[in-house]
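A.B. asks: Each protein sequence line maps, in turn, to chains A and B. Note that the numbering used here numbers the first sequence so that position 382 is 382, with each residue one more than the last. Note that the numbering used here numbers the second sequence so that position 201 is 1201, with each residue one more than the last.
No lab work stands behind these hints, which were simulated from the structure alone. Think of the CB as a built atom: it goes at the ideal place given N, C-alpha and C, for glycine as much as any other residue. Do not take every clue at face value.
Incomplete in silico selection of chain A near chain B, CB under 10 Å [as the list claims (entries may be wrong)]:
{"hint": "1", "residue": "S125"}
{"hint": "2", "residue": "A296"}
{"hint": "3", "residue": "E378"}
No farther apart than 25 Å at their CA atoms in a straight line, the calculated lysine-lysine pairs in the BS3-like style are these [to be verified]:
{"hint": "4", "chain 1": "A", "residue 1": "K249", "chain 2": "A", "residue 2": "K263"}
{"hint": "5", "chain 1": "B", "residue 1": "K1088", "chain 2": "A", "residue 2": "K309"}
{"hint": "6", "chain 1": "B", "residue 1": "K1164", "chain 2": "A", "residue 2": "K374"}
{"hint": "7", "chain 1": "B", "residue 1": "K1164", "chain 2": "B", "residue 2": "K1027"}
{"hint": "8", "chain 1": "B", "residue 1": "K1027", "chain 2": "A", "residue 2": "K309"}
{"hint": "9", "chain 1": "A", "residue 1": "K374", "chain 2": "B", "residue 2": "K1088"}
{"hint": "10", "chain 1": "A", "residue 1": "K249", "chain 2": "A", "residue 2": "K309"}
{"hint": "11", "chain 1": "A", "residue 1": "K263", "chain 2": "A", "residue 2": "K309"}
Here are the chains, one letter per residue:
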Amino acid sequence: MSAKRKTAAREIFALGAEAVVEGALLAGCSFYGGYPITPSSEIMEGMAERLPRTEDGVFIQMEDEIASLGACIGASLAGRKVMTATSGPGFSLMQELIGYACMIEAPLVLVNVMRGGPSTGLPTSPAQGDVQQARWGTHGDHSIIVLSATDVQDCLHMTVKAFNFAEKYRTPVILLLDEVTAHTREKITVPLAQDLEILYRLQPSMPPEWYKPFEETVRGVPPMPPLGSGYRFHVTGLTHDDHGYPTQKPDEVVAAISRQFRKIDQFFFDIQITDEFLTGDAEVGVVAYGSVARSAHLAVEQARERGIKAGLIDLKTLFPFPRAAVEGLLRRCRTVIVPEMNMGQISREVKRVNPGTSTVWTINRVDGHIITPKQILESIRKG
Amino acid sequence: MKPDIQIDRFEICLSGLGGQGVITLGKVMGKALALGHGFNVAQTQSYGPEARGGASRTDLVISTRPISYPKTDKIDLLVALSQEACNKYYPLMKPQAVLLVNTTLVKQIPTNQYLGLPFTEMSIDRLGLPQAMNTIVLGAVTFLLPFARRSLIRKSLEESLPAKIVDVNVKALNMGYREASKAFGQPPAIWAAMTVADNGNGDTEKAAPKKPTAKKAPKAP
C-alpha cells in the first residue's frame, strides 16, 4: 500500500482494543465477522477501518453474534486466519458454534471483553465473570484454549499468541479481556511482523487422493488445506471418523474425542503461559489475571516495602489451567490470595490444585469496579 | 524522546459529566505525555451507559517507571468539572494534592485550598462554543503541570482532532493556559521538583514562572 517501506517498530498511544487489532493484523488475520457490543466495539471499529486496506482483508458485520461466528468458521475453513470480538451477551449467543468449531477443529480467535453480568448487566463496567463460561460454555466434553492479557502491550502479544495457538493446534482460542484492559490507553511498541513468530496451519504434503481430513498424526493435529484446493472435505458437527463422515462406532468415537483432547494436553509446556513476580521467596502468594493482576502487582510491591514477602503469579493462560506454576506457589506459600472480579471462578481452580499445603483466600468484587491494590494489600497483611 | 526528570506515579483524575469531553481531554493529554514527552502513561476511563449526562471520568497515571495499577490510587491532581464529580472524588486525593474546579458548575467546594476557573462560562462567553470547554481545561492543566510542554500538548491536540475544528481548539488551549497563568500566578510549588528545563522548543514563556521561589501551597484565586 504505502510507498515507503516501514523499517522500524513504531510507538503508538493506543487502547487495549486497538492493540488487539494491531496484533491480529500482525498475525495475518484476513477475515473479521462481528457484531458490535460495548465494551468490545473498538476492536470491531479498528478492524472495519484497517482490514479492507490490507491485501485480501474482508470485514463483514453480520446480523448477530451467532451469524458472526458462523461466518468466521466458514472463512477459517476456506483458509483464512479469522477473528471476532464480543462481550457477555454476545458470547452467550456464540456458545453453540464454539462447540461446532471445536468439533470440526476450525482455527479461530474469539475475543471476549468481559463486562458486568449476567444478562445485559453493567455494559460499561469491568468484570471477569465469563471465565468458567469460556472453558465450559459450550455443551459436550471439549478441549479449548483460553488466554487473558494484563496491559495494552500484552493485548498485542497475546492476540498474536492466540492466532499462533489456533493455527498450531487447530482449535478455537478465546482471548478474555476485561473492560479495564480494553479501555486503557498506553504507549506500546508495534513490532514488525518479521520480528515475531507467526505460525500457519499445517498443510497436507500427500496427494489429494491419499488425504484424510481428520487423520491421526504425531501431534494430534491433522493438516488442513483450504476448501477448494483440490483436497476432498466433509465437515460435520456429528462425531466423525478420519474421513469426516459421521460415526457411532465406539473405537472411532473414542479415537476422535481423545485426539481432540490430546492435541492440547500434550503441549501444556507450550500453551501454559504465566508471569511470575517475586515468587521465589514468597510466603504470601497472589494469583491474578487481567487488569486485576496490575492491582496485585502494585499491592505486592507495597507489601515488599513493608517487609512482607509477597509474590504474584499473573496467569496469561487461564485454560488449560497452568497447574504446575500455581501448585509450586501453593507449596511455597502459607496463604494464596485469589482476587478476581467475580464470585470466585479461577479460585475454584486454585483450590482444586491445592495439595493441602496452603490456605486459599478469595477477594471477590462484582460492583463494576476494579479490585484496588489497597484491598489486596489488606489481605496480604492478614495472610 | 527520553524524559529528563524522574516521576513515580503522578496521578491525575479528570472527572465531570458525560458529554463534557472528559475522555477526549484525557486522550489528548495522555498522547502528548506518552509520545511527545516520553513518559509512561496509562489512561483509563469509566463512564455510564448514557450518551450524555451520566458521570464520566478518566484517570491518567504518569511515571518514568513501568506502571502497574492503571487507575488512580492517590490523586495528585483532581480536575472536577461538575459538582457531583467534585463530591465523589475529593476524598481520594492525597494530602496537599491540587484541586482544579469548574466554578461555573461546582458551587460547593469542599475545601478552600483549590484552584478554580469558570470553564463553562469562558467557553460560552468568549468562544461561543460550549464544546471547547475541555480544551480550555487542557490549557489550564498544561500550565499547572510542571513537566508538560505546551508545544507538545498542542501538537497532540492538532493530531487528535478533525481539521475543521483545530483552529478554535488551539485558541481555546491558549486561552486556558493564559487565564490559568493570570489567575494562579505560578504552578503549585509542591511539584517544583518535577519542573523541566525548557530547551527553547517554542514555549519560552513557561520557563520563567516555573522556577520555584518559595514553598507555597496552592492558593485560592
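A.B. asks: Just to be careful, I want the Cα atoms of K1164/B and K1027/B compared with a cutoff of 25 Å; is the pair within it?
C.D. replies: Holds. K1164/B to K1027/B sits at ~19 Å (cutoff 25 Å).
A.B. asks: Tell me if S125/A is really an interface residue toward chain B, meaning its C-beta lies closer than 10 Å to one of theirs.
C.D. replies: Because about 7 Å separates S125/A from the closest Cβ in chain B, which is inside the 10 Å limit, the hint holds.
A.B. asks: Under the criterion that the straight-line Cα-Cα distance not exceed 25 Å, is the pair K1088/B, K309/A satisfied?
C.D. replies: Distance ~35 Å between K1088/B and K309/A Cα, so the pair is violated.
A.B. asks: Check the hint pairing K249/A with K263/A against an upper bound of 25 Å on the C-alpha distance.
C.D. replies: OK: K249/A and K263/A at ~21 Å, within 25 Å.
A.B. asks: If you draw a straight line from the CA of K249/A to the CA of K309/A, is it 25 Å or shorter?
C.D. replies: Answer violated: K249/A to K309/A is near 56 Å, above 25 Å.
A.B. asks: Please work out if K1027/B and K309/A have their alpha carbons no farther apart than 25 Å.
C.D. replies: violated, 37 Å
A.B. asks: Starting from K1164/B, check that the Cα of K374/A is at most 25 Å away, please.
C.D. replies: violated, 45 Å
A.B. asks: Is the shortest C-beta separation between E378/A and chain B less than 10 Å?
C.D. replies: violated, 14 Å
A.B. asks: For the pair we were handed, K263/A and K309/A, check the Cα-Cα distance against 25 Å.
C.D. replies: violated, 39 Å
A.B. asks: Take the C-alpha atoms of K374/A and K1088/B, compute the straight-line distance between them, and say whether it is at most 25 Å.
C.D. replies: It holds: about 18 Å lies between the C-alpha atoms, which stays within 25 Å.
A.B. asks: Quick check on the hint: A296/A CB to chain B CB, less than 10 Å?
C.D. replies: holds, 8 Å
Comparing the model with each numbered hint stated earlier shows that hints 3, 5, 6, 8, 10 and 11 do not hold.
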